[in-house]
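A.B. asks: Chains as they are written, first to last, in numbering that gives the first Met the number 0: chain A, 0 to 374; chain B, 0 to 562; chain C, 0 to 327; chain D, 0 to 651.
No lab work stands behind these hints: they were computed from the structure.
Hints may be right or wrong, so weigh each one.
Said to hold, decoys possible - Simulated restraints on C-beta separations:
id, chain 1, residue 1, chain 2, residue 2, range
1, A, 58, D, 238, 30 to 40 Å
2, B, 68, A, 107, 29 to 39 Å
3, C, 132, B, 116, 21 to 31 Å
4, B, 17, C, 132, 29 to 39 Å
5, A, 58, D, 592, 43 to 53 Å
6, A, 106, D, 458, 32 to 42 Å
7, D, 383, A, 91, 48 to 58 Å
Glycine included, each C-beta is placed from N, C-alpha and C at the ideal position.
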Amino acid sequence: MSEAVLGPIENKQLAVASQWQLVWWAFKRHHLAMAGLYITAFLYLIALAPGFFATNDPSAQNGRAAYHPPQSLHFIDTAADGSWTIKPYIHASVLKRDPQTLAAIFTEDTSKKIYLQFLGSGYEYELFGLFKTRLHLLAAENTTQPIFIFGADRLGRCVYSRIIQGAQISLSVGLVGVLLSLTLGILIGGVSGYYGGRIDFVAQRAIEFVLALPTIPIWLALAAALPHDWPAVLNYFMITLILSLTGWAQLARVVRGRFLSLRTEEFVMAARLDGASEGRIIFRHMLPSFASHIIASITLAIPAMILAETSLSFLGLGLQPPSISWGVLLREAQNIRSIATAPWLFIPGGAVVLAVVALNFLGDGLRDAADPYNK
Amino acid sequence: MSKTAQTDDGSVILDVRNLVTHFPVRSGVVKAVDDVSFTLHRGKTLCIVGESGSGKSVTARSILQIVDAPGRIVSGEIILHREDGTTTDLAGLNPRGKAIRQVRGRDIAMIFQEPMSSLSPVHTVGEQIMEVLRLHLKMDKAQARTRCIELLGQVEIPKPAEAIDRYTFEFSGGMRQRVMIAMALACNPHILIADEPTTALDVTTQAEIIDLIRRLQNDHGMAVIFITHDMGVVAEIADDVLVMFRGKVMEHGPVDQIFHAPKDDYTRMLIGSVLKLEEKAEIRLKRPPLDTTVEPVMTVKNLSMHFGSNLAVNDVSLHVLPGETLGIVGESGSGKTTMGRCLLRVYQPTAGEISYRRADGSMVDLVRADEGLLKDCRKEIRMIFQDPVGSLNPRMTVSQIIGEPLLVNHLCMGQELEERVVDLMEQVGLNPDWRERYPHAFSGGQRQRIGIARAIALNPRVVVADEATSALDVSLRSQMLDLMMNLQDKLNLSYVFISHDIGVIRYMCDRVAVMYKGKVVETGTADQVCNAPEHPYTQALLSAIPRPDPRARSMHKRHRYKV
Amino acid sequence: MLRFIAKRVLWMIPSLVVVSFLSFVLIQLPPGDYVTTYIATLAASNEVVDINTANELRARFGLDQPMIVQYWKWITGIVLHGDFGLSFEWQQPVSELIWERMALTLVLTFTTLLATWAIALPIGIFSAVQKYSVMDYIVTFLSFIGLAVPSFLLALVLMYIAAVHFGQDVGGLFSDRFMNEPWSFDKIVDMLGHLWIPVIILAVSGTASLIRVMRANLLDELSKPYVTTARAKGLSEFHLLMKYPVRIALNPFISTIAWLLPNLVSGSIIVAIVLSLPTAGPLLLQSLMSQDMYLAGAFVLLICALTLVGSLISDILLALADPRIRLE
Amino acid sequence: MNHFDKRNMMGAGVPDRRMILKGMAGAATASLMMGSAFAQSAKGEAPDLAKAAADGKLPKLADRLPASPMVVQVDKVGKYGGSIRRGLRGSADHNGILRLVGNQGLVRWNLEFTEVLPNVAEKWTVNDNSTEFTFFLRKGMKWSDGKPFTADDVVFSIEDCVKNSDLYKSVPALLSIASKPVVVTKIDDTTVKFTFAGSYALFLEMLATPLGQHPTLFCKHYASQFHPKYNANVADLVKAANLSSWPDLFRAKNGDIEIPSRWSNPEKPVLDPWVIKEPYTGGATRVVAERNPYFWQVDQAGNQLPYVDRLSFSISQDVESLMLDVISGKLDIQERHIDTLQNKPTLAQNMQKGGYRLVELVASGSQQCQIYLNLTHKDPKIREMFANKEFRQALSLGMNRKEIIDIVYLGQSEPYQAGPRPGHPWYHEKLGRQFTGHEPKQANAILDKLGYDKKDAQGFRLRPDGQKVFFSIDVIPTLYPDCVDCLELIKRHWAEIGVDIKINTIERALYYTRGDNNDHDAAVWPGPGGLDPMLDPRDYFAQHPQGTRYAVPWTQWYVSNGKDGQEPPESQKRRMKLFDDARATADLKKRAAIMKELFDLSAEGFETIGVCLAVNSFGIVKTNLQNVPQKYPSAWSWPNPGPALPQQFFFS
């Protein structure tokens, strides 16, 4: 007695619901997956225009602010007579350096208030690489005053802005790397799934072989081979290439599995008997039905790539300064002095966790909703 | 809704009163069992019959409180009368409690429909049976083992001593059902509930299982609740019958009264549609006799299709006359489906010839035709599929599905295509306004109509229908067959109708070929094959088919075909 | 069954050959070779090495021959008489350096595998049975957090807390007393005492995916008819759950070794570097940095072989656990 | 390798076949011959040695010590016992061991790194033109296996080993003059004479540096087993150890000054205070050295040194676990790998928890971050731009050194160009301090005057030929991260005066190859010669082919006596001659005068641009580890803490 999970047939709206609407309805029921979707969308929005969300120039050094702790952001400004207005401000801080231990001690000067404004003008940057602008989400009224929401690193650079800037590379590494391994995955997985026989046997052994290889030693060797004097951009693409070299096997297996199960479906045979060409069978009949699975696998592959980039950077082989990625930031924080004296340098780790968790929930939700028909 | 008087002659073993079981679903509640009451008498067989979605299976499962989540019993009583006079209301027990677990498997046992997946694939058969013995009868290992071998013998499993240590996937469907029965009878339960035990089996195996159950019932004197949708089976074994429809009891009475003096309209409709398939369709009666002198539209000579060592189709020859419906009947594994697919060269036959006469009279050997020629012929030879769900691409709208053959063969586009689709939908009795809907919005019957519309879209001359109606409820089956015959007359189609159901063959086909293990053992007109078969296999096959008339019980007179 | 194993083992041989060639090519990739790095280190300490000494060194290390010849010599050395060549940096036969470290890598990876299973199995079952309950969400959330935290970060923070706040002896796998002692029982006990930090770090990331696999498989099995049959036989829910669906859902769980092992081995390299464990990780990274050809090649070869054997073992275990495969 | 230590390794003198000894009065050497005036009768020895001697396993203390053991004036007479724990890094950190065990050369440096004191040699005499050096060894001195150490060992080490062409392709620069190796002759059991083809006044200073250990490195009765001259069937030994040649075997057994295998053979007899017990091999996680019972040094109370029983080196791949060991008090003395400025706050704050104190290490380098513009650039236009002294002055004035010191060096330094450190007797005010002010206006004025007044859209100046004033500066990020940070600030400062640069972060090997073939525009390297200008004068004139990056062809001319490279200008040639004279004069006062004239010319030449004075670093010492000086130099040629004589350290 398996009453169709989608409710009685009279539901007119449901009748004409295409596959994607059904996937969306099934997906909406996962609350955590929805949260994952919003966070991921927000993160990729930041990755698109990091300049806008940052408050300071990510690579601007400032001697006065080396190891400056995070400043607390106040929103309620209580004036002297007790009346309060909603006006974000932070306190300026004074640097005193302990002569003996050289530790930088910042004391908050509660008398001096630095007012902030939303959509104010801050340092100049290039939006989408097209035009220069000074518009920022949050900026201090007098632009000379730096704001350290998440504190500053050993060269006085704003950690918050660097995380925002790093998002651009880290998130895109994930995306580009996954797209690379997807094309390879679909190519090999599709061919071996669709044609079967000897091709499938050989491709299958190759996939198992690649999957059985430990990634780190291979990345280590490949990354060590990367000449360091290449420009940052070329280096970045080489890293994504390396990461995707081992990523494609996972996707190939998913695609092959889907292709095999679809090949035996009767509507595929019906299409062939209708006289449809091979191409039409694959792209019009087979592809739509596993597109949702592919999207689910992609979303689950991206976090793995992001983590991989951080591991490579930890080994000192991935991206190098002056380019900024979460891996590079974590590598700079990867020492005892940071834990002891400047724990806020680990906030990029928080960003990585947020991105990976959000993407995982999104991917998980998608995978459950991927096949609304065979519930 | 008649309710038999409370006969307290001590023979009532189970008394179900106003049972209600609901399934909470996102958009409200589905009342699977809606106020059902009936009694089961000691030693008697109660058949619960109804079409899919009628709630017959949920009723049975409610008795043992093993309704699949999230279903649960809302109200009603299920009184179990034990021999020592004590009674227990099963409905009131906690589904996870110890009390109900004592009853399950000991007082009331149950067997299920899917032999393939109702037994654990990774445990030996013996292990699963001994488990019941050791659980309820606290037997030790050795005792349980001997009892188990004895049980396997009782259910006629060959060499039980060896079978005990083998795994379920090493047995055939029939054998597995026997193991299920052995497991159920382990503790000599007073009641055996059989939930469509033979639906997934071949008709010959079904006959053996029904025989076995009746014999064991006589030996143990247990009451049996037999759930099925096959009126033939009901007629064959039932003492009392409970007819259900959408969770409600339509009629409850002795089998003879149900078949010959049904009080309720639904029962009457049900019996009528089954009896209808006992003789030739009226449409065929009205047809002029078939012109058998004309050249056949398709002739198959010595066709063979070998998959490695398995000779699926082995040297088959037959022919199809224009406008004729040739039936191919056989049990599963007889090669009839492979045969159908070879006709359209879905598989490349290993040997033989299929000569097809085109409209302009030219002859084509489909086996050796090149791709282009094959593609042309496939416009004239079309196929209707068995599984209404699997044969329609869930991601395309109905108009796209029906329009696909026309679009792909560049016959018409855009507006003209739209009109053609509307015309086709009307021909197969579908509301054209639904053409933007997706397959998941249609019932099984409606989907099959879409399949037919697609098949006739290119005005084919021959249509191969592979088990076209076996996935449908009985009531819908005859409607579909009538539709296909009307289309046959209008578009002068020739049908190759493949089925395992003799009733459908008798109703629909002019000539019939009977297949057994890849070979055609007999061909002839439908009347001759169905009523006076010559080949012993055909005779065995027909004798094993239960007739939907309690008075003509022939099961025990059947004979077995020994190759 | 034996035929199945034989086929798989036969297929292992070409894979190992490919791995050995791959690892040798990988080591060759970086520009320059060991001698250039060697000269650079000497130049740093003001020892000027002129060209002819450099070439003479290259000849001695055999670096001047074409790569194929070097590879052939290396691989025949290993296969015929187990000689992995000489480490340039340490002037010691490579085999002396690698075996103990590979053994410890194996111990670390194997214990982590068990720990990952021990954690993932119950949680996976729990979250499948309590599908869509609050606990299911909490468990999923925590397991994703475990997956998301970069292992080197976790290692450093855990090490810091353990050493500074609890005064635990963190670095390495042995306390000083047992450092270079021969293997004894209490040395093993001491090692296990040190093992818990790296195992936790590695297990945390491994459990997340395993929980997902277990949950998905168990959900599939729970909906199967044989569960209803078992219930109809009067078995208790717990007993029924464990004996049938969980037992059958275990099979795919076993097959996860095939891809879990490579991740664990890779992860152990990073964690070992942070915690200075005497496993393969640190020495591999160091030999790669200084392009100590034969040492790095040996490590990459053995690590890949370890994971290939791991996937073979997982196939065999799967065949043992699942009669359907065994009797195919 | 932490970068402070790396830089100082450049300190040792470079092989220079042009050293010619100019006549030198013998009297000066007398003052150096400050031997131990009185031999104390030995009294105390380590308890375990006393017991072993009592059981007859070891000879009596008196027989173990030489007739006149070296007396070390310790602050406090220490107690025996304990084990000094120190940390090594994963990658070949053998110098970490050498520094604590100390380099037992014939002579050694004093604490202030200014003069040479007797060590293995009790006293020595030098002939007047510094071509013959006679060393008087200690009678009765023994190797760590109890066998006597005699002149034969020194002769064997030099004549049979160092001068053996199979073992050493070329004789180490330090032991040859005018490309002719030294000749070592044995006068008697305790006297040995070194004869050079030319005058070599700096020989004693060179002997005190780590690279001067060859004479006392190889023990004849042990090493000769692996030497074909003394052991005919050495070939079988080579085959047994499956090595390819006898030099491989020799090195595996006896090591060399600066390779890991020096500490990998416990049986090798040594003169060091501690003998290797757990060897330093590839897979090792720990190295242990134990007390040498025949060590030939005593404290003023006659107790045999060393006080501490054992040295224990832990090896960790990641520097951070070293830091952790320090903070959790598991190391007794450590400066290597942890003494970066950024670590100081953390280490300072955890002094109490770790139970250690900080000691100050005086940097031996002069300039923290020296910028060498390539005056012999292959592109004539750039060469002409760089060669102009005023252009370099403008660049120097354009730099805001105060901000760099604040940001990168946490205010721990002062603006500085080059030359000996303030406080060193030869400190040269003009060479050190010229053009260190921040005068952007003056810099712009000079650049306009020089014809670079036109500017492009971004405000960068253009050369007369229209090309932008632009050049790239090579730097090795892994070795000198602080220099990269300085360059990033300098890039901003010079952008303000219209000069554009590219910070070219490249890999180590690449940095050297570009320098050797003179392909670089400019390069950055820490400037040495702060405390030892004589040993490393590369920033004062074109002296070091790999060090003096502003004119590599000139250095090749200087090193090859004018055969190849390019002929340098007059001022450089004058300075080369002056340096040769200084090298040949043993008399410190005369040498100082010559060097002053050299520094004047360097200041006038202003070839390099410096940022700030080399920053002092620091080390940690366990609170209960006594006799450790509170301040001592940090350099490669003064292999700290070696010359501070760790054998006198003890646990209170």
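A.B. asks: So, for every hint listed, does it hold in this structure?
C.D. replies: Evaluated hints:
1. Look at residue 58 of chain A against residue 238 of chain D: about 60 Å separates their beta carbons, and that is not inside 30 to 40 Å.
2. Our hint of 29 to 39 Å for residue 68 of chain B and residue 107 of chain A is violated, since their Cβ atoms are close to 58 Å apart.
3. Take residue 132 of chain C and residue 116 of chain B: their Cβ atoms lie about 27 Å apart, and the range 21 to 31 Å holds.
4. Taking the beta carbon of each, residue 17 of chain B and residue 132 of chain C are about 33 Å apart, inside 29 to 39 Å as hinted.
5. A hinted range of 43 to 53 Å holds for the C-beta pair residue 58 of chain A and residue 592 of chain D, which are about 50 Å apart.
6. Range check, residue 106 of chain A to residue 458 of chain D: Cβ separation about 38 Å, and the 32 to 42 Å hint holds.
7. Under the hint 48 to 58 Å, the C-beta atoms of residue 383 of chain D and residue 91 of chain A, about 49 Å apart, fit the expected range.
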